[in-house]
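Those sequence lines, one after another, are chains C and D.
For the first sequence, full-length UniProt numbering gives the first residue as 1, with consecutive numbering after it.
For the second sequence, full-length UniProt numbering gives the first residue as 1, with consecutive numbering after it.
For the record, the hints were derived by calculation from the structure and aren't laboratory data.
Yeah, the Cβ is synthetic: ideal placement off N, Cα and C, and Gly gets one too.
The reader is advised that the hints may include incorrect statements.
Which bits of chain D does chain C cover? Going by a derived footprint, with three or more residues having C-beta under 8 angstroms, they are [said to hold, decoys possible]:
| # | segment |
| --- | --- |
| 1 | 28-38 |
| 2 | 47-53 |
| 3 | 67-75 |
| 4 | 206-214 |
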Amino acid sequence: MRRRGGTLWNWLLSAPALLVLVLAASGPLVIVLVYSFLSPGNMGGVAWEPSTDAWFRLFFKRDIFDPEVVTWNEAHLVVFWRSVSLSLQTTAICAILGFPTAWFIATRAPHRRALWLFLITIPFWTNLLVRTFAIQELIRNTGTINSLLLRLGVIGEPIQMMYTDFAVLVGMAYVFLPLMVLPLYAAMDKLDMRLVEAGYDLYGGRLQVLRHVIFPLVKPGFVAGSILVFIPAIGAYVTPRVLGGGRTMMLGNLIELQFGQGRNWPLGSAMAMLLLIVVVAALVLYLRWANAEPEQRNG
Amino acid sequence: MARRSFEVRRIPGFGAIAILTIVLLYVPILILVTFSFNAGRSQAEWEGFSLQWYRAAFANEQVQDVSIRSLWLAIAAAGIATVLATLAALGTTRVGRFRGQTLIYALVNQPLMVPEVVTGIALLIFVASIKVATGYMGMGYLVAAHTAFCIPFAYLPIRARLETLDLNLERAAADLYASPVQAFRHITLPLLVPGIAAGFMLGFVISLDTVVITEFVKSAGQDTLPTYMLGQLRRAVTPEMNAIASLFLALSLVVVTAFFLVSRRRGA
């Protein structure tokens, strides 16, 4: 078709969108990378002196009195660990609740499925902040759960749920759950039920069929869902800020701190790059797996 | 063992977990909405029906101010993004592979992959230096940032729609001596409308939902509804916030339902 001559035309049509994207999305990322190798300015901002100090300070710190003594920067490592741990736990909760939910929807009568799916999608499209606020109203000390339990006499004083890891975990699982259900459903929808039937015909028990027939077949949806939950969870900012407060920060909040009170832009830039590296690594691993998968199945 | 009505699709316990999950998805939202109509301040005790918190929300000038800003920002960003995404979709679909196509896809989808907080601080740095250089403090930065963020969401449904269009229709138009512009205006564009509408609505919802990028890019006095709420959540919250959140919820619900109706018609 219009191959050679068409190329310029294709680029011209795409150019306005690309211009906006480069100016307001991709381009600034390059600045962050550059800033991460500069020195902090006095009042925020940067001084144009090349330095790898920001990257060093991500993980290590020097003793105030003796710069030769290098120790782990525990304050940062605690936040990194919390981010990874809470994101993995969020992914696990979403999988445990999402798998049966997606199965339930995929096994409804075909004309009913769209409605069930719609029920899952609505919360996904409602504002993240509104949903986080809804969780806050449930679990804060004067919130619905505590007030109810107090009145029923189950507890003598409110359970402190806000500003804990638990609160952040509940919030993230609540907010990201649809991201797990949707790809799982897509995989289950394509599942050939005759294979499940064959499993039972061959005297497989329910658990055996689930483990050896259903699970391997819907694994692509499961992996996609895990990636879709893990990536926004590790980069979460709003949920840990609202439900976690200052004591249970995640990486996103630590990054913001460097641009606010911390006033160390290079360090914040290095942290942002670290987050980006983790996300890109997760995506690359996923794409490699997804591309390798069909060959494995044929072989 | 009598397997009279053995149903292979049934896995014991799954139905219960599924129903529980769906209920859990809605309970927090329903409680939020319920207590927006409460006569008292409590989030647990029903003290009678009242619209006082809605009245308070509507009378609150700051709320009016940030809501109007959010709405026009979403319309502007989704509008511009839809136009740009339509052009880009026309440039990247229904053609053979060309040099740089992968680069275009990567650039278009990049906002979907990079965590919002990273894009946020990147824009914060970039915008700060432009502000110093030009002295411009207006809404342009937010419009640009939201537009870039909306482009992938607008692009996807438009591209999906384009891929299902029959190229023969345009060839037929060309055979009947339609110029490329006429063919586009009278054949391609009308067929593309459902995709464009869906793209605009997705972009609109996404822009309304955007908190982190706005929070980092905005100058003083440029709060949107989400950043205003984010700031308020720090303080003691009254059910006025429930009322605002419920209205916000209703707006998203209307747009999402419209989106589903539009994309359903596309399938039919």
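Outcome of the hint check:
1. 28-38: holds (count 5)
2. 47-53: violated (count 0)
3. 67-75: Contact hint for the segment 67-75 of chain D vs chain C: violated, 0 residues under 8 angstroms.
4. 206-214: The restraint on the segment 206-214 of chain D holds, since 4 of its residues have a Cβ under 8 angstroms from chain C and three suffice.
Comparing the model with each numbered hint stated earlier shows that hints 2, 3 do not hold.
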